[in-house]
Amino acid sequence: MDFASFLIQMLNSLQYGLLLFLVASGLTLVFGIMGIINLAHGSFYMIGAYLAFVLTSMTGSLVMAIVLGIPLALVFGAFLEWALFSHLYKRDHLEQVLLTYGLILIFEQLRSLLVGDDVHGVAIPAFLDASIQLTEVMSYPVYRLAISAVCVVLAVALYFVIQRTRLGMMIRAGNDDRTMVESLGININMIYRIVFALGVALAALAGMLASPISSVFPNMGSHVLIISFVIVVIGGIGSVWGALVAALIVGFADTFGKVLVPELSGIVVYVVMAVVLLWRPEGILKKG
Amino acid sequence: MERTFKIAGNIALTLALAAAGMGAAQASEKVKVGLMLPYTGTYAALGNAITNGFKQYVAENGGKLGGREVEYAVVDDESNPAKATENAKKLVSRDKVDVLVGTVHSGVALAMAKVARDTKTLMIVPNAGANDLTGPLCSPYVFRSSFSAWQPSYAMGEALAKKGVKNIATVTWKYSFGEESVAGFKEAFEKGGGKVVKEMTLPFPNVEFQPFLTEIASAKPDAVFVFFAGAGAAKFVSDYAAAGLKNSIPLYGPGFLTDGNLDAMGGAGEGLMTTLHYADGLNNGKDTAFRTKYATTYKMQPDVYAVQGYDAAQMFEAGLKAAGGDPSKKEEVIKGMASAKIDSPRGTFTLSPAHNPVQDIYMRTVKGSENVVTEVVSKGLEDPARGCKM
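First to last, the protein sequences are chains G and E. Quick note on the numbering used here: the first sequence kicks off at 1 and runs consecutively. Quick note on the numbering used here: the second sequence kicks off at 1001 and runs consecutively.
The following block holds chain G by itself, in its conformation from the complex:
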């Protein structure tokens, strides 16, 4: 591989890793802070993508669709938490798995009924629809770079909210000792509702942002679900920074795996996960 290609592959890894972080951030928040195994995470990603498709068709602009879609996702997440998940905190992980698996099936069927089974595309917003020439034959789409920028901003924002605000303090406290927080007069139910809604909105936002480059199609959630769990496990459950580091590791492993060991590229990411589990079972950066 020549140096120019190597640099471009590094760029590919970085960009892919940042996108993965965006997708997995919602899951680590919900899993880490609320202790809920949310198998429907991939479905929320899919819902985001389909929202982007439907809203872009209606308004003609992906940006408009995102602006409308985020509040919709927040409300949807809050509703789901109130209706279903709030009953699960004291229950077994198995029951959470069963509920969220059922949600996957329900959402897939609803999607099939409401929007159909065809593959759809979402147009890249015109102001981002350009490419930067890297070599004489290859250029890099500006949109991908824009998504990477959004992911970085989001990572910083999430860190700030969780570590530096009162809300973040309450969330972290509630994770450590729910009863204590309640006895201090803080409405832990409202906190959890906010966190869950945020988790759903993050997953949906990832789906919306990725929709122009990944297309919108049935079962698209199942692909991201597994990789999201891998990232959460490698990074440490509940750690946003950990998810970022893990996502970048997965991005590099996947990209260079495909180029250097194509026969094994399918398992490279899982090998990394296995190694991390053996070396540091709690993940690379636990709780942060």
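Treat the hints with care, since some could be wrong.
To be verified - Coverage of chain E stretches by chain G, computed from C-beta distances (three or more under 8 Å per stretch; other residues unrestricted):
#, segment
1, 1039-1051
2, 1208-1219
3, 1234-1241
4, 1256-1263
5, 1324-1338
Rather than coming from a laboratory, the hints here were simulated on the basis of the structure. Heads up, the beta-carbon is just placed ideally off N, CA and C, and yes, glycines get one too.
With the hints as your guide, set chain E onto chain G.
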């Protein structure tokens, strides 16, 4: 007096029941079609298109096949090879279907074919292109109304070699269909004097293609041949164009690259050339009639999958006709199907001794939201059915 009435009443009741029984027996002389297709998941649109096409032929035939009413038993195979044997057995043993029609995913179809062979049930494959189905695993009971992975790719290999393309890089998913497509292409391309300089694969259904685009850009081949289908294909073509490769290194592939995906590509596929046994703009009477009927009935345009479903019904009808409408006369049905000349919207085709369509392959170019035929690149292309002992 009372006793006479009672006896008369009993006789009348018995006669009425007997008549009803006989009527029921006659009405139950139906032919049972088992549809095992994906109705959920990535391939749901294809499963629906095949079903629509099949049912359209039956409707055009007066709602009957072989002069009998058609009854359907439907199973959603979810494109899941792990459940395939169980699902197929359900249709054969529990529902006792006369013919098994399916499926899209080659892994599932291979398991279905084994069940068909073991239970001696007739099976028509309306899509799955695994070479093995009419190759080493061929059987008198298994027919195909679609294509083999080898066919459209071989035709493209021939066409590109003839065009003077010298070296090519390939990318596909690492599963049987992808590998068979690339192998078919390579066979024809290298026979015609070309060279495949780089063969790249990624695990199915991974769609992160950027690393490969970078590799292609640094290798700078004359052209690139890929196999992808569905959403993955739409993504690849979009990514390829976004990386600026479309104008410097031409992209080719079998028709699955663009069929049903053009809207999702948003114009990135414009001008792309692919090979397939079906196209838009064929302008034969049968195709025009088929498309008009399909569009009116289902409120959408048909695609190659709908044609394959339609032809599966035609093939079964040909078999039933030869057996006088009796699906239990399997020998006659098989003979009828194997020797049939199918008047398909794609053009007429016959079946090879291994029961795969011997058909024309068209070169198509993407124009707007259509794959328009530009020429016939391969007339009457027959899959070599390597390994078939029938």
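Each hint, compared with the structure:
Given as covered by chain G, the segment 1039-1051 of chain E passes the check, having 6 residues with a CB less than 8 Å from a CB of that chain where 3 are the minimum. Closer than 8 Å: that is the beta-carbon criterion, and the segment 1208-1219 of chain E has 9 residues meeting it against chain G, so the requirement of 3 holds. For the segment 1234-1241 of chain E, the assignment as covered by chain G holds, since 4 residues bring a beta-carbon within under 8 Å of that chain's beta-carbons and 3 suffice. Counting residues of the segment 1256-1263 of chain E whose CB lies closer than 8 Å to any CB of chain G gives 3, which reaches the minimum of 3, so the coverage claim holds.
A stretch counts as covered by a chain when three or more of its residues have a beta carbon under 8 Å from one of that chain; for the segment 1324-1338 of chain E and chain G the count is 0, and the coverage is violated.
When held up to the earlier numbered hints, the structure conflicts with hint 5 and nothing else.
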